[in-house]
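Note that the protein sequences, when read in sequence, are chains A and B.
Every letter in the first sequence is one number past the one before it in our numbering, and letter 53, counting from 1, is 53.
In our numbering, each residue carries its 1-based index in the second sequence increased by 1000.
Among these hints, one or two may not hold up.
[Claimed, not checked] Each pair of labels, with its calculated beta carbon distance range:
1) 1055/B <-> 118/A: 15 to 23 Å
2) 448/A <-> 1052/B: 35 to 43 Å
3) 1354/B <-> 118/A: 36 to 44 Å
Since the hints were derived computationally from the structure, they do not count as laboratory data.
Fair warning: this is a prediction, and the values are worked out from it, not measured in the lab.
The beta-carbon is built from N, C-alpha and C at its ideal position, and this holds for glycine as well.
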Amino acid sequence: MVFSSFTFLYWFLPLVLLGYYLARPAFQNYVLLAASLVFYSWGEPKFVLVLLASIAGNYGLTLWIDALQRSDRNRQAKLVLTTAVLFNVVILGYFKYMNFFVDSINNFFGTEILIKKIALPLGISFYTFHALSYLFDVYRKKVEVQRNPVLLALYFVIFPQMIAGPIVRYHLIAHQLRERHVTLGMFAEGVKRFIIGLAKKVIIANNLGLVADEISRLPAADSTVALTWLGAICYTLQIYFDFSGYSDMAIGLARMFGFQFPENFNYPYISKSISEFWRRWHMTLGLWFRDYIYIPLGGNRVSRWKVIRNLSVVWALTGLWHGAEWTFVLWGVYFGVIIILEKFVLNQILTKLWAPIQHFYALFLIVIGWVIFRHESVSDVWNDLCFMFGAGQVPWFDTRTLYYWMKAWPYLLVGVIGSVPVVPYASKLIENVKFSFKGHIVDACYIVLFVLVTMFLVDATFNPFIYFRF
Amino acid sequence: MLQFRNLLFVSIFITILFVSGAWTLLSEDHKRSVIENRTLAQMPNMNLQNLLNGKYAKDFENYLKDQFFAREYWLHYLFKLQAGLGFSDIKGIVKGKDDYLLETLVYTDKNISNINHNVKKLEQLKRIIGSDRLYVAVAPRQTQANQDKLPLYIENNADEYTDLFFSKLSADIKKIDLRDVIYKKNKENDLYFKTDHHWNMHGTYLAYKEILSFIRRTHPEVPVPYEKSDYTIKLGSDEFYGSLARRSRNVFDVPPDRIELWYPKNHENTLITVGGKKSDTYFNNKILKGTKYENKYNAYWGAGSSETVYTVPQNNELPNILIIGDSYSLSFTSLISQHFFHTHLLYLRNANSSINISKIIEDNKISMVLVLVNSNFVINEKFNNFK
Chain A
1 MVFSSFTFLY
11 WFLPLVLLGY
21 YLARPAFQNY
31 VLLAASLVFY
41 SWGEPKFVLV
51 LLASIAGNYG
61 LTLWIDALQR
71 SDRNRQAKLV
81 LTTAVLFNVV
91 ILGYFKYMNF
101 FVDSINNFFG
111 TEILIKKIAL
121 PLGISFYTFH
131 ALSYLFDVYR
141 KKVEVQRNPV
151 LLALYFVIFP
161 QMIAGPIVRY
171 HLIAHQLRER
181 HVTLGMFAEG
191 VKRFIIGLAK
201 KVIIANNLGL
211 VADEISRLPA
221 ADSTVALTWL
231 GAICYTLQIY
241 FDFSGYSDMA
251 IGLARMFGFQ
261 FPENFNYPYI
271 SKSISEFWRR
281 WHMTLGLWFR
291 DYIYIPLGGN
301 RVSRWKVIRN
311 LSVVWALTGL
321 WHGAEWTFVL
331 WGVYFGVIII
341 LEKFVLNQIL
351 TKLWAPIQHF
361 YALFLIVIGW
371 VIFRHESVSD
381 VWNDLCFMFG
391 AGQVPWFDTR
401 TLYYWMKAWP
411 YLLVGVIGSV
421 PVVPYASKLI
431 ENVKFSFKGH
441 IVDACYIVLF
451 VLVTMFLVDA
461 TFNPFIYFRF
Chain B
1001 MLQFRNLLFV
1011 SIFITILFVS
1021 GAWTLLSEDH
1031 KRSVIENRTL
1041 AQMPNMNLQN
1051 LLNGKYAKDF
1061 ENYLKDQFFA
1071 REYWLHYLFK
1081 LQAGLGFSDI
1091 KGIVKGKDDY
1101 LLETLVYTDK
1111 NISNINHNVK
1121 KLEQLKRIIG
1131 SDRLYVAVAP
1141 RQTQANQDKL
1151 PLYIENNADE
1161 YTDLFFSKLS
1171 ADIKKIDLRD
1181 VIYKKNKEND
1191 LYFKTDHHWN
1201 MHGTYLAYKE
1211 ILSFIRRTHP
1221 EVPVPYEKSD
1231 YTIKLGSDEF
1241 YGSLARRSRN
1251 VFDVPPDRIE
1261 LWYPKNHENT
1271 LITVGGKKSD
1281 TYFNNKILKG
1291 TKYENKYNAY
1301 WGAGSSETVY
1311 TVPQNNELPN
1321 ILIIGDSYSL
1331 SFTSLISQHF
1341 FHTHLLYLRN
1351 ANSSINISKI
1361 IEDNKISMVL
1371 VLVNSNFVIN
1381 EKFNNFK
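Whole structure, please, built from the sequences with the hints as guidance.
Put into structure tokens, the structure is as follows:
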């Protein structure tokens, strides 16, 4: 189910809220688990079996690890941990990477191995990372093993975050699964955050996505340099508002049910370097890789070559986590190389430059990064880059380019303003202004925004979530 | 105070969720949207198979979206807001010079596959009926014929692709390119509606004269075209909001068009059957009395069925014609039918691939076939509606 759908907003959400708050506290987790399973199964029920198998497997294996550790059989515990990691990696590998792996072998070695097309279960990359987080946290004794299968299942499937994050590491949420309190203030805060996310998605991301999509579907001969740049800029804003909008909705919804999810974005497009960008973009993924891959490999506290190795591993995996395509690997390597260069060479130069130049440097590389990310084949990436830099034998500008700019500009304007911390700045200004009903006026703005979102949804013909395919 | 504020805010939010959802599910469902001229999604049937294959989820979402309470108001005010904020393009429609609503349709090389498909289909048709009996006419679409009225940042490149379509048809197919005559006269008179993508009766008349004169070169037995003075012209409606006004919910505030009814002399004797059902009037007068946003272009018979037949009893010595066409052929048939004994109209929008052209030709002693569609059809759609 998609948050920005009528089914979710006007059918599922009111029923779940009703069920949850009418239930006695002891039953609220059962309501939430049942609702989450309906949310997950809606539209694609067959993959719920994969999800349940993953939950059951991880539940059993962690109990085993815990039992072995309690009886000081640490070597066996490590062996079971390895088995459990393999269990998760095999599930993810089969569903997400098998076709890619076989196609790559066929391409490289000229073989003709045939396998059927394996469909990707929704949210598998996210819940597998949740599972691994839980395994490592239990193994490292950071948390108590979860003996209640309902609570563990809830961690895997809780509907606000299960399909596209944020990736909530287990130790952050373990105690909230057992006990949490919702105040009216928290609930209202959650609603506001949800509305902000919904507006980001429905008003900005969908409309910019429509333009980006139309431009990308144009045949090469009908493109221009300025049009390719417009497509890339629209996509850059679309993916930010799409994904950060989803995270806002997830954080807001979770708050309505008493959970505190970690933040996932912090105005990434105001970064002055790519390293900073990745500290602001999909923060929970970065922290997952830091905690469970980078630091166990030695992190920064090893020789220069080992740091380079560690960073390379993390970035190759980051690329591959996003999808089973060579363009994602290329995208990961691209950022890995830039981050290594920044760490050892560029940072010393960059920090001395005029701030706008630093911003330009980061934004330019980010846009190029998204050009690599959005295409399915390396040749398409190459074509787009050639067009963007005037090497593609297409004109610089034409009437159609002007038309698309005219179509996109209102959303581009809102998108650019929304990408910088204008809202927090304005909120601070408003805080200092004192007049009666100020709070009610702000609240009314949220309600108006929600009504506006509904109007856009009634008209929507284009409503995909980019991160759903990961 | 803060507690009260939060309570009020949460209450309003929850009320919106519950009231909107309940209102949508409990209120009576609408069968059809007049303004969009389409049937609306209805509550899907729930069964295990639909639930498992995801069809139910998809249909239920479409149902909620189509039946969402006050849907028309939401859309109207959204478009009003967008127009008020300076958005020039509302649902692919812009306001051009002289109060013309125009489409932002842009064709690309991706449309070439449609053109190739359509050329292939017409070549098959030629093999069935013979090149001497087949005429192919393409009408320029409203925006194509009024390019000078488009805002500077939009170009319509339909001509390029219409040229390509004609160039791909084999030489022995009789092609009628209506662009020259229409472009020339459109400068003097409005040949198209301002709020609709069709030609008006003046445009239709021009096409009728051009096509009939062309047919008479090989079929001199067909009578000469009528003069305008041979028609009794009556006003069907002075409140016609065409497809472009309806799609943009008339947020550009342009005045409505007029529907004219051109009654040919002796039209009283003409028998018209739409889908086998006899009509009592030469035009569909019932639709003209419909609500403000009724598609009154359908006053010209044919949209209600795949096959419409005009029979003019006094023409029993004249040949029969089959017209295979899109909506541009509806008004056209009301004029040209007076020059034949039977005029069969195969309306492509309602036709399906089971329709057997050879059988229609044989059963109805058809002497010639005219394909008449607008340029968007040959570029953007496919002749898949007959075999």
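Consistency of the hints with the structure:
no. : hint                         : verdict
1   : 1055/B <-> 118/A: 15 to 23 Å : holds (22 Å)
2   : 448/A <-> 1052/B: 35 to 43 Å : holds (40 Å)
3   : 1354/B <-> 118/A: 36 to 44 Å : holds (37 Å)
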